[in-house]
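Undergrad: The whole structure should be built from the sequences, with the hints applied where relevant.
Quick note, the sequences are listed as chains A and B, same order.
In this note's numbering, each residue's number is its place in the first sequence (first place is 1) plus 311.
In this note's numbering, each residue's number is its place in the second sequence (first place is 1) plus 8.
Check the hints yourself; a few may be wrong.
Using 27 Å as the maximum straight-line C-alpha spacing, the simulated DSS-like pairs for lysine-lysine come out as follows [said to hold, decoys possible]:
no., chain 1, residue 1, chain 2, residue 2
1, B, K150, B, K84
2, A, K492, B, K311
3, A, K389, B, K150
Over 12 Å on every C-beta distance to chain A, these chain B residues come out as not near it, computed from the model [to be verified]:
no., residue
4, S74
5, L104
6, Q121
7, L144
Hints were generated in silico from the structure; no laboratory data involved.
Glycine is no exception: its CB is placed at the ideal position from the N, C-alpha and C atoms.
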Amino acid sequence: MPELRKDPLIGRWVIIATERAKRPVDFVASHDESLPADECPFCEGREAHTQKEILTVRSDGSGPNQPGWKVRVIPSIKPVLRIEGQLNRRGKGMFDLMDGVGAHELIIESPHHISNAADLPQEQLHASLHAAIQRMTDLERDLRFRYVLWFKNYGSTAGAGRVQHTRSQLIATPVIPLRVKEELAGARHYFEDKERCLVCDLLIQEREAKTRIVFESTHIIALCPFAGRFPFELWIVPKRHRCDFNKMQPEELTDLSYVMKQILVRLKAVLNDPPYNAILHTAPFRHPGTRVGHWRTLEDDYHWHIELIPRLTRVAGFEWGSGFYINPTPPEESAKYLREAVVEAEVAAAH
Amino acid sequence: MSELRRDPVIGRWNIIDTDEPAGPSAFEVEHHALGGGKCPFCYGNESLTPPEIYVLRPPQSPPNSSGWTLRVVSNKFPALKIEGELDRRGLGVFDLCNGVGAHEVIVETPDHQRQMADLTHEELVNVIRAFKGRSLDLRGDKRLKYSLIFKNFGLSAGASLEHTHSQLIALPIVPKRVQEELKGAQRYFEFRERCAYCDMLSQDVQEDERVVCENRSFVAICPFMSNFPFETWILPKEHGADFAQIGPEAITDFARILKETLLRLRVTLSNPAYNFIIHTAPIEPRVWEAYHWHMELMPKLTKIAGFEWGTGFYINPTPPELAAKLLREARLPL
Numbered sequence: 312m313p314e315l316r317k318d319p320l321i322g323r324w325v326i327i328a329t330e331r332a333k334r335p336v337d338f339v340a341s342h343d344e345s346l347p348a349d350e351c352p353f354c355e356g357r358e359a360h361t362q363k364e365i366l367t368v369r370s371d372g373s374g375p376n377q378p379g380w381k382v383r384v385i386p387s388i389k390p391v392l393r394i395e396g397q398l399n400r401r402g403k404g405m406f407d408l409m410d411g412v413g414a415h416e417l418i419i420e421s422p423h424h425i426s427n428a429a430d431l432p433q434e435q436l437h438a439s440l441h442a443a444i445q446r447m448t449d450l451e452r453d454l455r456f457r458y459v460l461w462f463k464n465y466g467s468t469a470g471a472g473r474v475q476h477t478r479s480q481l482i483a484t485p486v487i488p489l490r491v492k493e494e495l496a497g498a499r500h501y502f503e504d505k506e507r508c509l510v511c512d513l514l515i516q517e518r519e520a521k522t523r524i525v526f527e528s529t530h531i532i533a534l535c536p537f538a539g540r541f542p543f544e545l546w547i548v549p550k551r552h553r554c555d556f557n558k559m560q561p562e563e564l565t566d567l568s569y570v571m572k573q574i575l576v577r578l579k580a581v582l583n584d585p586p587y588n589a590i591l592h593t594a595p596f597r598h599p600g601t602r603v604g605h606w607r608t609l610e611d612d613y614h615w616h617i618e619l620i621p622r623l624t625r626v627a628g629f630e631w632g633s634g635f636y637i638n639p640t641p642p643e644e645s646a647k648y649l650r651e652a653v654v655e656a657e658v659a660a661a662h
Numbered sequence: 009m010s011e012l013r014r015d016p017v018i019g020r021w022n023i024i025d026t027d028e029p030a031g032p033s034a035f036e037v038e039h040h041a042l043g044g045g046k047c048p049f050c051y052g053n054e055s056l057t058p059p060e061i062y063v064l065r066p067p068q069s070p071p072n073s074s075g076w077t078l079r080v081v082s083n084k085f086p087a088l089k090i091e092g093e094l095d096r097r098g099l100g101v102f103d104l105c106n107g108v109g110a111h112e113v114i115v116e117t118p119d120h121q122r123q124m125a126d127l128t129h130e131e132l133v134n135v136i137r138a139f140k141g142r143s144l145d146l147r148g149d150k151r152l153k154y155s156l157i158f159k160n161f162g163l164s165a166g167a168s169l170e171h172t173h174s175q176l177i178a179l180p181i182v183p184k185r186v187q188e189e190l191k192g193a194q195r196y197f198e199f200r201e202r203c204a205y206c207d208m209l210s211q212d213v214q215e216d217e218r219v220v221c222e223n224r225s226f227v228a229i230c231p232f233m234s235n236f237p238f239e240t241w242i243l244p245k246e247h248g249a250d251f252a253q254i255g256p257e258a259i260t261d262f263a264r265i266l267k268e269t270l271l272r273l274r275v276t277l278s279n280p281a282y283n284f285i286i287h288t289a290p291i292e293p294r295v296w297e298a299y300h301w302h303m304e305l306m307p308k309l310t311k312i313a314g315f316e317w318g319t320g321f322y323i324n325p326t327p328p329e330l331a332a333k334l335l336r337e338a339r340l341p342l
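TA: Following this line, the structure appears as structure tokens:
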């Protein structure tokens, strides 16, 4: 019998096909035509092909927009939102609109032409995540912005486009996106009832059950969520309760880059280099004067985490119409495959 | 400067690229070749599907034999099953229930060669009657709360069989997306005592920038806050929450506008993969004065990336005013 499972955070139901469960071999990874490596604008030595850098990690004393960097943050080459101007909120009849003001930045995670972040040394992952924290902290100072989204698209079906070079992205928006609002409302609702954080409770339950845990380190846990929408969907969650990703402590960041490496290598091994999206879920900016009403308990009720979605199935009409997903692989099965992919993961971690 | 536009019903903001609007040539289009193999929806292969639930066939022809003009069967690989109890239960912080529901396939024609856009007016009228008939029939089952009618055309839109068909899934819960829409419509109604969709129709018809086509009972528009390029909605002019209450005259007009819209999308976008979904009020509770049923058609042109997943905030590279203009100007085969 298939099961319907409810996401406790936002109340979304998912169909889990427990009987005709799909195995990794049932999914075929696809990678479209890409830009040749010698035309890649993100490689070391081609700094002039992009806009001027916003932030770089350099250790050899080289000058800005020159080779010699480890991680480089630049404005997006195809920004959807522009940093200049005011929001100009307005109505048009019954509709509401505002100008597309925001920030769109790329974090180039390696000077070398590597496409999958799974192939980066842990040190590069650490430097890239650290750069994200610095940029988020800086963008928070801009009072026009309400939220910043950190995410990563790998592979053409995941929306990476023709440039293959590994990067993550930051988009700061002048509104709090709907999906984030729903999650915040779900977390607040649970807290009002129990005076405990839902994600903290969930971690206790999952660590006892063990069936959905993929990997655990001192500060971070990776698990396949109970009501996962997609096969092999993963959550990477800090054990210590905190609502803001960018307030993480140094030891947590080191541990996070270790767990990210572990998880990316396991996904690559188990699913034969699948396209994927990684998305950070963190608290919105709380500018002075806006911390009223439902923001009161946010620091106690919300718990940041990263969602990782391998792109294996196609989202069809049913999912669009209902916001209700059919997941052909029970999360317990997904977790088991990823947990048991020890050999390759250890080999890669030893590099 | 691009624009952020807000959905007046569910409150979602989208980014519309008004700077460098993408026209039809900006998108890669999937090629729909007809493959070989034995098709379970063709004449002579009726035994390859579960038995028919609803059928149009000449009198005296035996069930599950050839000769039919439209056939509804259970999905051979159902997402949900009709037998059994719901058994709602908890598991620590989690909630779950059994996957009880119905999953049916509407085979629109025995002809394997034609797409939905190629169906005759009579065939399309029969398809819409089947949608209505099956929705009403499933209301007898008290476990079911919502019927979702949809179509996936083309591999990238999730179709696994090429023979033209639509699907119906009846669910034991009201899905989240529908709840959001109902709630949003209710909020709008409470404040203004008017329907959000009726307001949208009158503003769009008046501004005449986003209308694709129109007939006696329906208007097709590219909505102001479209999530996707060339997204098109077909709305009935007469306010009503429940698709299954559609009358005979409206069925005829719906068949006409659906065919015209599908043809316009096909000509403008070189036969794209697409999904359509009928948004209607739940079976229970029945009264939704604020809701207005409609069909949403989405050609599959862009890929959903991390930003969209993370935010539920879509980046639409084609302003709906441009999409509507191109669809309106498409030269249709006569």
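Undergrad: The structure should be examined with respect to each hint, and the outcome stated for every one.
TA: Hints, verified against the model:
1. K150(B) <-> K84(B): holds, 23 Å
2. K492(A) <-> K311(B): Holds, because 23 Å separates the two Cα atoms, which is no more than 27 Å.
3. K389(A) <-> K150(B): violated, 51 Å
4. S74: Nearest chain A Cβ is 29 Å from S74(B), so the label holds.
5. L104: violated, 5 Å
6. Q121: holds, 23 Å
7. L144: holds, 19 Å
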